[in-house]
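Student: Chains A and B supply the protein sequences, listed in that same order.
Sequential numbering from 1 applies to the first sequence in this note's numbering.
Sequential numbering from 1001 applies to the second sequence in this note's numbering.
Warning: the hint list may mix true and false statements.
Said to hold, decoys possible - Pulled a few chain B residues facing chain A out of the computed Cβ check, cut under 8 angstroms:
no., residue
1, E1038
2, L1039
3, K1059
4, A1118
5, F1119
6, D1122
Stated by the list, open to error - Have a look at the derived ranges for each label pair, beta carbon to beta carbon:
no., chain 1, residue 1, chain 2, residue 2, range
7, B, D1112, A, D314, 37 to 45 angstroms
8, A, D314, B, L1123, 19 to 27 angstroms
9, B, A1080, A, A342, 45 to 53 angstroms
10, A, N98, B, E1074, 30 to 38 angstroms
11, B, E1074, A, E300, 46 to 54 angstroms
12, A, D314, B, E1113, 17 to 25 angstroms
13, B, D1112, A, V313, 31 to 39 angstroms
14, B, V1073, A, L17, 41 to 49 angstroms
15, A, E225, B, P1104, 50 to 58 angstroms
16, B, D1112, A, E225, 42 to 50 angstroms
In case anyone wonders, no lab produced these hints; they're calculated from the structure.
From the three backbone atoms N, C-alpha and C, an ideal C-beta is built for every residue, glycine too.
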Amino acid sequence: MDSGLLQTPLHAHHVALGARMVGFAGYDMPVQYPDGVLAEHNWTRSSAGLFDVSHMGQAMLVASDRSHETAAAALEALVPAEIVALEPGAQRYTQLLNDTGGIIDDLMVTRPAEPALDGSLLLVVNAARKDVDHDHIAARLPAGVTLRPMPDRALLALQGPHSAAILGEMSEASTVLPFMAAASMPLCGIDCHVSRSGYTGEDGFEIAIAGEDVVELWDRLLSDERVRPIGLGARDSLRLEAGLCLYGHDIDETTSPVEAGLTWSIGRRRRVEGGFPGFERIARELADGPARRRVGIIPEGRAPAREGTEIVVDGNVVGSVTSGGFGPTLGGPVAMGYVASAFAPVESRVDLLVRGQPRPARIAKMPFVPHRYAR
Amino acid sequence: MTTRYSSDHEWIRMEGDVAVIGITDYAQEQLGDVVYVELPDPGRKVKPGDDAAVVESVKAASEVYAPVSGEVVEVNAALADNPALVNEDPAGAGWFLKVRLSNPSEIEALMDEAAYKAFVADL
Chain A
1 MDSGLLQTPL
11 HAHHVALGAR
21 MVGFAGYDMP
31 VQYPDGVLAE
41 HNWTRSSAGL
51 FDVSHMGQAM
61 LVASDRSHET
71 AAAALEALVP
81 AEIVALEPGA
91 QRYTQLLNDT
101 GGIIDDLMVT
111 RPAEPALDGS
121 LLLVVNAARK
131 DVDHDHIAAR
141 LPAGVTLRPM
151 PDRALLALQG
161 PHSAAILGEM
171 SEASTVLPFM
181 AAASMPLCGI
191 DCHVSRSGYT
201 GEDGFEIAIA
211 GEDVVELWDR
221 LLSDERVRPI
231 GLGARDSLRL
241 EAGLCLYGHD
251 IDETTSPVEA
261 GLTWSIGRRR
271 RVEGGFPGFE
281 RIARELADGP
291 ARRRVGIIPE
301 GRAPAREGTE
311 IVVDGNVVGS
321 VTSGGFGPTL
331 GGPVAMGYVA
341 SAFAPVESRV
351 DLLVRGQPRP
361 ARIAKMPFVP
371 HRYAR
Chain B
1001 MTTRYSSDHE
1011 WIRMEGDVAV
1021 IGITDYAQEQ
1031 LGDVVYVELP
1041 DPGRKVKPGD
1051 DAAVVESVKA
1061 ASEVYAPVSG
1071 EVVEVNAALA
1081 DNPALVNEDP
1091 AGAGWFLKVR
1101 LSNPSEIEAL
1111 MDEAAYKAFV
1121 ADL
């Protein structure tokens, strides 16, 4: 059966583990294993979950003069984060912006720790956006800077409170990485690029590795009884509880980073100097406040409010839910969405129109479940 | 005691003129962990194809359609506090609602166990 979907190098392993496979961003991916979403979610929060995220887009931005400043300046023309001042081995979260300050994609940028790799930046973008991103970036680079997609690289995420101990037994170098730092190191004798980051709110790592080697590392990590495989279902509930945006849902080409509550990721120098697409809108929103804001929402009762649910105050629609479901760690429904700024303060009361019925809810601080990063 | 099945993966078990309705083991397996069930108010009249309930997993909400015509006479209050009963015991403690049939002959149009098993095997 040819589904037309792409496969990661671990596809056969997911199937052999009994995963339910679904199409996601053009890839046939595990949405859950036999344990199920709730158990996988709870396992990640209490032990360590292993995720195949090889569908994500990895690329390297390379300056031919081998100068970090050259590569960083080229990327700064496309994103609002401070990239020039990144130290070797430091990682940043940022967004590719369009000319009106909307978000083309969100991504991780890493300056390699190795001096030999200076003048290059590692990018990890969303699977569904990698072609759009690569075309967008490549068309806007100055002479002497090129984008090299790395379609043969796989990516694993090991997330949860036991992650550091597990990876530490394979490489001491991993244990000294602070949150949002990265370094190259061998794991089971295989060259890997490891960053202390993730998408669950837990301490953890993302491991970039050659596609041909990823099966060996996957099997080795799963042989540890503290590690279980985790599908996209729990990945979504974990990131929702952590208050993290999902591209195409919580952020898109119409939402700005200020509206999305991502102002923390805009560099201080850059807020003044600009020099990135959409600066006019972002400067205005920083000065005057945006018209709408992304907020956390806790529905009263047990009924989840799904994406698209209208948010109502006194019978008037003031926004809509962009991600919503059940938070296993919270033990109840949880959502995020956009509301007109007047209704954005924490503890504001709103109604959610679930199947036509208004159901009370309150605006809540995010993350819903505290982050437990290694600071 | 007759149990029948719908092509929407509900089971319908007759107790006198009242049909007890739930979702099948196949359906709960497909849904995954059930976290919320919305049930109709007793007294509501339903006919085949009407939305009778909503069952939600972590990821998604699914409608449960009435397989027969009649009046809802009781719903399973235990699901409000323990929706996981739908996963743990779909054919027993995880029942959804009871409907007093207005047209008992509709039962005959539903699948018996052998037909439902064959139906699922073909999916």
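Student: Hint by hint, note whether the structure agrees.
Tutor: Hint by hint, here is what the structure shows:
1. Hint on B:E1038 holds. Least Cβ distance to chain A is approximately 6 angstroms, under the 8 angstroms limit.
2. Interface hint status for B:L1039: violated, as the beta-carbon distance to the closest one in chain A is roughly 11 angstroms, over 8 angstroms.
3. For B:K1059, the interface hint holds, the least distance from its beta-carbon to any beta-carbon of chain A being 5 angstroms, beneath 8 angstroms.
4. Nearest Cβ of chain A to the Cβ of B:A1118: about 22 angstroms, over the 8 angstroms cut. The hint is violated.
5. Given the 8 angstroms rule on beta carbons, the hint for B:F1119 is violated: about 20 angstroms separates it from the nearest Cβ of chain A.
6. Taken as an interface hint, B:D1122 does not check out: its beta carbon lies about 16 angstroms from the nearest beta carbon of chain A, beyond 8 angstroms.
7. In this structure, B:D1112 and A:D314 break the distance hint of 37 to 45 angstroms, their C-beta atoms being roughly 53 angstroms apart.
8. In this structure the hint that A:D314 and B:L1123 lie 19 to 27 angstroms apart at CB is violated, the actual value being about 47 angstroms.
9. As the Cβ distance of B:A1080 to A:A342 is approximately 34 angstroms, the hint placing it in 45 to 53 angstroms is violated.
10. Hint check: A:N98 to B:E1074, Cβ distance near 55 angstroms, so the stated range 30 to 38 angstroms is violated.
11. Between B:E1074 and A:E300 the Cβ separation comes to about 26 angstroms, which falls outside the hinted range of 46 to 54 angstroms.
12. Separated by about 52 angstroms at the C-beta atoms, A:D314 and B:E1113 break the suggested range of 17 to 25 angstroms.
13. Checked against the given bound of 31 to 39 angstroms, the beta carbons of B:D1112 and A:V313, roughly 52 angstroms apart, lie outside it.
14. Between B:V1073 and A:L17 the CB atoms are about 45 angstroms apart, so this pair conforms to the stated range of 41 to 49 angstroms.
15. The hinted range of 50 to 58 angstroms is satisfied by A:E225 and B:P1104, whose Cβ atoms lie roughly 55 angstroms apart.
16. Range check, B:D1112 to A:E225: about 45 angstroms between beta-carbon atoms, so the 42 to 50 angstroms window is met.
The structure shown violates the earlier hints numbered 2, 4, 5, 6, 7, 8, 9, 10, 11, 12 and 13.
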